[in-house]
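J.: Here's the letter readout for the chains.
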Amino acid sequence: MALAFVLAVAATIFFGVRAGRQARHIRERNEDIRGWMSVPFIAHSRHVHEEPLFRAIGVAPNRRDHRPIRDIAHEERVPVRQLIGELETAIAQEANAQKESSPPR
Amino acid sequence: MSEQVLAALALYGEPALFLVATLASVGIPLPVMLLLIVAGSLAAQGTLNFGIAVAAAVVGSVAGDQIGYAIGRWGGRRLTGWLTRLMGDAKRLEEMDNRIRRWGAASIFFSRWLVTPLGPWVNLTSGLAGYSWLQFTLWDVLGEALFAVLYLGFGLAFSDRVQAIESVLGDLTWALVGVLAAAVIGWKLFAKKTAPPSAARSV
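So the protein sequences, as listed, match chains B and R. FYI, in our numbering the residues of the first sequence are 11 to 115. FYI, in our numbering the residues of the second sequence are 12 to 214.
Don't take each hint at face value.
What the hints assert, rightly or not - What the simulated footprint calls covered on chain B by chain R, stretch by stretch (three residues with Cβ under 8 Å from a Cβ of chain R suffice, anywhere in the stretch; the number is not a length): (1) 12 to 18; (2) 26 to 36; (3) 93 to 105.
Said to hold, decoys possible - Some chain B residues judged to face chain R by a derived CB distance under 8 Å, without partners named: (4) 21; (5) 22; (6) 39; (7) 41; (8) 42; (9) 46; (10) 50; (11) 51; (12) 54; (13) 55; (14) 57; (15) 112.
As the list claims (entries may be wrong) - Across the chosen pairs, the derived CB separations fall in these ranges: (16) 200(R) x 102(B): 51 to 59 Å; (17) 87(B) x 146(R): 52 to 60 Å; (18) 61(B) x 146(R): 53 to 61 Å.
Treat the hints as calculated values from the structure; they're not laboratory data. For glycine and all other residues, C-beta sits at the position ideal for the given N, C-alpha and C.
Build the full structure now, drawing on both the sequences and the hints.
T.: What follows is the structure in structure tokens.
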């Protein structure tokens, strides 16, 4: 039983420290793009406009298009990884454009 | 599986949330925590209605829990026999029965939102032990409502960080389970150490 107690304390410390570490960096890291995400969802997560993202993957911009990008990839007959790559490039360009257009502090 | 479930939520909204919550409560391993956080994020983006999402999650989960309870209660001798074999012997099943009667409310409430993997098991055993349906439903609804509001709320507040927040909350849940386990085991160790020698021998 003493071993079970030690294990429970060790698990508490391990998960507690890991949660604390992740929570501290939660605002610094970008969310990974996953196949289940729709283009508006990705745009919201990365704080960019959705129109350039739609255009980057060759889809007509539509706020109500909630298709997961894996479904779009399937319809367009391209690998999901390729679509994610195109979206990442478009996000980087859009983020730069937004940075340049915002007035300096 | 997780990808399909989340894609279904993005496509079909609240009905998908209801269905997944029901299936997960019956015992099918589906990522409900992440699903609720993503639903909260979709509510923040205006794609889902927060109130309807809460209702869909609570009604779906409670429906699944009721199925589990009903199977346990009216599943018949074959199920009792199977569970008895699973538990080891009839004496252990009786012990579990006593535990459910003693800790029923707490085990039902906490397995809804804190130690959720135990939920389907608690549903079955509550039915099997003949725990009052009214009491079961009361603690079930309270626990599931807290679970839905809590995780949809996290999704709403951290709508641009759903994967990160799910990871943090997952670790925090296990840390809390660790604290609870350490407290229970620690208390038992302490009781054993401070018990008089004759009592200690009989333990």
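J.: Give a verdict on every hint.
T.: For each hint, the structure was consulted:
no.: 1; hint: 12 to 18; in the structure: holds (count 4)
no.: 2; hint: 26 to 36; in the structure: holds (count 6)
no.: 3; hint: 93 to 105; in the structure: violated (count 0)
no.: 4; hint: 21; in the structure: 4 Å, holds
no.: 5; hint: 22; in the structure: 3 Å, holds
no.: 6; hint: 39; in the structure: 7 Å, holds
no.: 7; hint: 41; in the structure: 5 Å, holds
no.: 8; hint: 42; in the structure: 7 Å, holds
no.: 9; hint: 46; in the structure: 4 Å, holds
no.: 10; hint: 50; in the structure: 7 Å, holds
no.: 11; hint: 51; in the structure: 7 Å, holds
no.: 12; hint: 54; in the structure: 5 Å, holds
no.: 13; hint: 55; in the structure: 5 Å, holds
no.: 14; hint: 57; in the structure: 7 Å, holds
no.: 15; hint: 112; in the structure: 18 Å, violated
no.: 16; hint: 200(R) x 102(B): 51 to 59 Å; in the structure: 56 Å, holds
no.: 17; hint: 87(B) x 146(R): 52 to 60 Å; in the structure: 56 Å, holds
no.: 18; hint: 61(B) x 146(R): 53 to 61 Å; in the structure: 54 Å, holds
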